[in-house]
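Q: For reference, the chains in residue letters:
Number of protein chains: 2
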Amino acid sequence: MAEIKKGSFTLPGEAGFESLTLKMAEKWGADVIRDSDGTKLSEDITKAGYGIYSTICVIRADNAWAKKNMDKLQQNFLMSEPVMAESDTVVISPLKGYFTQQFKLNKSEEALAYWQVFDRTTGEEIKNWSFDSEAETVTITGAAPWHSYTVNFLAVRLWEEISMYNHITNDWGDKEHLMAVDPRYPETQAHMIDWMTEWCEKNPDTTVVRFTSMFYNFAWFWKDDKNCRDAFSDWGSYAMTTTPLALKEFEKKYGYAMTSEDFVNAGLYTSTHNVPSKKYRAWMDFINEFVVSFGKKLIDIVHSYGKKAYVFYDDSWIGVEPYSKRFKEFGFDGLIKCVFNGFEARLCAGVDGVTHELRFHPYLFPTGLTGEPTFAPGGNPKLDASRYWVNVRRALLRKPVDRIGLGGYLHLVEPFPDFCDYIAQVADEFRLLKSFNASCEPYTLPGKVAVLTAWGSLRSWICSGHLHEHPEVDLTNLLDAISGLPFDVQFMSFDDVLANGIPEDVKVIINAGVANSAWSGGDYWKEAGVIEALTAFVHNGGGLLGVNDPSAVWANGSFFQLAPVFGIDKDLGTKKCIGKYVNPVTEGTFAMEDTPNIGESMVENPGVYCKSANVSVLAVNGKTPLITLNQFGAGKAMYLSSFRVSKESTRFLMRALLTLLGKEDKVRDYICDNLYTECAYYEEIDKLVVINNSGDTQKTVIKTAKGDVTVELAPFATKVL
Amino acid sequence: MAEIKKGSFTLPGEAGFESLTLKMAEKWGADVIRDSDGTKLSEDITKAGYGIYSTICVIRADNAWAKKNMDKLQQNFLMSEPVMAESDTVVISPLKGYFTQQFKLNKSEEALAYWQVFDRTTGEEIKNWSFDSEAETVTITGAAPWHSYTVNFLAVRLWEEISMYNHITNDWGDKEHLMAVDPRYPETQAHMIDWMTEWCEKNPDTTVVRFTSMFYNFAWFWKDDKNCRDAFSDWGSYAMTTTPLALKEFEKKYGYAMTSEDFVNAGLYTSTHNVPSKKYRAWMDFINEFVVSFGKKLIDIVHSYGKKAYVFYDDSWIGVEPYSKRFKEFGFDGLIKCVFNGFEARLCAGVDGVTHELRFHPYLFPTGLTGEPTFAPGGNPKLDASRYWVNVRRALLRKPVDRIGLGGYLHLVEPFPDFCDYIAQVADEFRLLKSFNASCEPYTLPGKVAVLTAWGSLRSWICSGHLHEHPEVDLTNLLDAISGLPFDVQFMSFDDVLANGIPEDVKVIINAGVANSAWSGGDYWKEAGVIEALTAFVHNGGGLLGVNDPSAVWANGSFFQLAPVFGIDKDLGTKKCIGKYVNPVTEGTFAMEDTPNIGESMVENPGVYCKSANVSVLAVNGKTPLITLNQFGAGKAMYLSSFRVSKESTRFLMRALLTLLGKEDKVRDYICDNLYTECAYYEEIDKLVVINNSGDTQKTVIKTAKGDVTVELAPFATKVL
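Protein chains in written order, with the working numbering: chain A, 1052 to 1772; chain B, 1052 to 1772.
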């Protein structure tokens, strides 16, 4: 395997460990050295001839200024813990239970105007309440005994969440708590512009300013209780963007006001996993517009100093929206995504007009995201790294990125030489792959696969956050599986379908998720236009893949609104007395051929049943179908009770999609016959890349235009033919 | 064990097997001989000195008359199979898919007035349709392509369902199909009165007329497809009571009309398992009033001939309602219930003012209800009988019945002498138990346990049908378990609670079922009055047992509306980003003491989570609680994810109820220390009856006022001390 020994690699340097930094830069073929949250670069590093990335986080960059401008800190709505009335008077301490190092009440008059009190037993808003500013309590009079009451209030945030997390995870002790200022305030904007200019002046060696990220972090509300920290945690939510000023500007622009309840939603908040309201979508757009317009000013400053501006697609990425039409207006030069899985590589790679960089895991921290040791005794960072690399590599065969890198404290790698060797190997392998797939597109099966959700393309290639955070989200699993498969994938919203119908080139539609999730679609399935479009699509020859609760909302006697198309429905318990078909299992279908026992890996969706004898059941648990296939008109609809990504389920998915595309005959064309291996064929340069996704030696045969090719691969190996 | 060798036993005789009949009557100590559906008694039997029960089924008794009066047959509403529009015209054959030996269309003008056509995609009623009487098709014009349409229509029933079932099960070949006439028509009433009078004249030997039953069978709609016979089958539904005449009389009386959709409910029909609508309850009351008023006329005739009138609490029992206030107006002398389980014995025993008779299983038929062999090669009727007897016996210790018996074809028992011997033993045992518990009540723990459902006392001791038909219904399982436990049980509806609050003597309330079932309560949990009453009840010291989805309806951010009381809630998928407490398992609580692993028998309810650290988790599956206990004010609330009756779960339930009653100290008083045994103490006669519910020898200790009693019992044995 030819090697390209240098470039496209970003190394985290660390002042105090200059020789290690330069040694590792050499070993890993780095062309760029970066700092990280908690590390600095010294002159020995910045002057060593490497490109220099400097991470900045503008919202927490000047804590002294923040302390003097506590009225310009970021804010959000919180719902108090419910308090039950035992008499006609209820007293609520709104902040009770929340982490008071993160939050304090906004007791200003303009903030109090947004507070709301609800009877959560009946859902009614209560008006007869008063706030005691000194005691910080809300007193409700005329309460109904045994009803539960809550207060929606504005909280000022006292600790920027990522530094709060890093501080606590790394035991930074009495290190100052950094606060996040809100650039919505003109004074903050003016200060940030000054600060950015001054920063550029002071950092002449920096070639790339890495914004981490823009202005608003994903939502992360902490409780006081260490054993149950998260009150609300959502990678995609705009919950932390609400200052009184922003709320007033929104009202002025849109002609109607956002209320606290629009964000609190009876305690559900604005979770990305749930179907967004129209008002919330308007708010997101309002914030996105602001982030782009003010963000561009900072980027312009960076550019004026001859530096590039990259943005990190995590942390305070809210409002950045790389998949929005406005993103290109920022003028960012690069987009950096931290990745554990293939779908995250596609998430980064799919954004147009920027350099794509992946920050690999493990992060050079003592512990991982769930507290497990990584660069610490008991950790095995090489194993972690190889697992993540195998996850990501297959996606890179389908869609290239430009750079990879690491982050964190470099000195932690010293006791792990096997990790250091492995990263050198990965870096070389990455550079090799990049050299192929940067020049042309790999062979892809004909017919687009569209993923239908409430979010559509705005949430392309991701649900909300990493797979390991919500491993039960079927769509995240599907996206990960499909990230390395030879299909052309696009993302479509219900609003898209209602407005424009289904594009001609879409041949298969995926709808996957639990009922009422943004992924399944919730009340969108009460729209006749959606049902009509999908039904016609399949009847006219399209393929439909439904997972878990596709098209699910209870209406008119059905739970699956596409039950006639799937041939199955789900009994929520109200159809106990209705007869149900228990069809025998059909063995040996094309979709199941490589993985006849795939049903065993599926979670049953209790209540799913066949509506007729015509539905083919491909796998069952007891009497409950796990996989079904239904011919509907000229098309086909397949149902899966769940989807959890694995090598086997990925293989099954490929065959399922071929079934739905009606392209069963393509199953051998540039596709490995061994499910532990995958390949990509680059026709223009006539290169075939074959990878082994398993820890065992594998042999695989690939049918090409020139005949069958047999390849043997070492564990996890890549071969180029 | 003293034996009482004769009486209280009803034997099914059979003409042509006279000597067998008399031999078995002697062996089993019968005092009464009966006929069955499909058997007759000859004079050798009726003149042998036994009481004679004669079964009559007045609605199918005179098929010749029925044939001449086809306009007076029984009717019901059906929903056609949905048909999807592929253009703007849809043609539907309403009867397609239904068993045409059971149904034909009622095409009369008065019937057509009740037909309705629905767009089941949108739920809208469609008015632009026409019916072609010759082709028997409905044509809809102006249809929306890809929408599904259905026709609600009135069907005339051509085959009385119980004889249809018996005919087909027993292969009666070309034996005439009996039809059910509707006594709603004055001519039918006149004919039935004549018939009843004539029948009494012709059957002087009959001492008891056993009505099987009154006029309307439980709902049973068959499909044409033998592999999926049931379109709708519900033991408690009034779906088969709707003739145009009845509908008109209802409208006249109530001032509003019932529509076909009130019965069809988008294809869900009027399942007893679902929360009934107010209109449906009114209809039930209307039918009940009629059945009682006309039924009484027939019973009066029977009485005028010096005969007694018993009614069978199955088959065409709809409108009889033994737990309604009107039941005593019939003047029935006896009530006969077929039993598989203890709760059915309590169902019979709990009705006031009648002789209670249990018809045991197995029924003397070649096959059982699910088609398994009983009195046929491969069957083991002795084993079946012993299983049922053990199920039922424990209930008889709590509440006595007066008689037992069998039904079916007596000649089938001949090849099964072990069965014959066993029944002789059961009959003796029954007579012995009866001699005790008829004279006084057994020791019962203090504090009433109330079961809270949408039906309340009208569906005391039963959900709908037998346990084996719907073994997943938690409440049926609970009723069976509690049928033999020393608690005083009553049944309460949400309407009772709203009207009268919770009675003072109720100390524990059970709410058990899947969401939106009549057992859990569905939309009743949106009534603040219900939430207030239950919350106050527990806060003031009451006990609450919730099973599966107690208090469940999605409203105001919660699924369990009593979440504050239980300390737990259920995430339907919309709270993915909300932090949840994962409390450690509390070991060794009182409730779990005899059955520490009972959680292993429980079905997980996915999404159930703790709302605070204060909730005790007694059993889990992964992170999902299966059993929780929460102190709430002065009371306690326990949650079980499911309940399936077994000896172990019954024991656990006893301890759980003692926990909730705050009567943990009573756990030894007249209660066996061995969970495979149970006992009843009759204080007035100072008798202690101990039973072994297991197939192994058991030893048990019982604490009595006179000290501990140790008993050893043979498998399944009963001992009296």
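Treat the hints as calculated values from the structure; they're not laboratory data.
Some hints could be false.
Claimed, not checked - Only some residues are given here: those of chain A computed to face chain B with a beta carbon under 7 Å: (1) Leu-1163; (2) Phe-1283; (3) His-1324; (4) Ser-1328; (5) Val-1581.
Every residue gets a Cβ at the ideal spot worked out from N, C-alpha and C, and that includes glycine.
Q: Next, verify each hint and record whether it holds.
A: A quick look at each hint next to the structure:
1. Checking A:Leu-1163 against chain B by beta carbon gives a least distance of about 23 Å; that is not within 7 Å, so the hint is violated.
2. Residue-level restraint check for A:Phe-1283 holds (minimum Cβ-Cβ distance to chain B is 6 Å; threshold 7 Å).
3. Because the smallest distance between the Cβ of A:His-1324 and any Cβ of chain B comes to about 5 Å, under 7 Å, the interface hint for this residue holds.
4. Proximity of A:Ser-1328 to chain B is violated relative to the hint, the smallest CB-CB distance being about 13 Å (cut-off 7 Å).
5. Evaluation of the A:Val-1581 hint against chain B yields a violated restraint, the C-beta minimum of about 11 Å exceeding 7 Å.
Hint compliance for this structure: hints 1, 4 and 5 are not met, and every other hint is.
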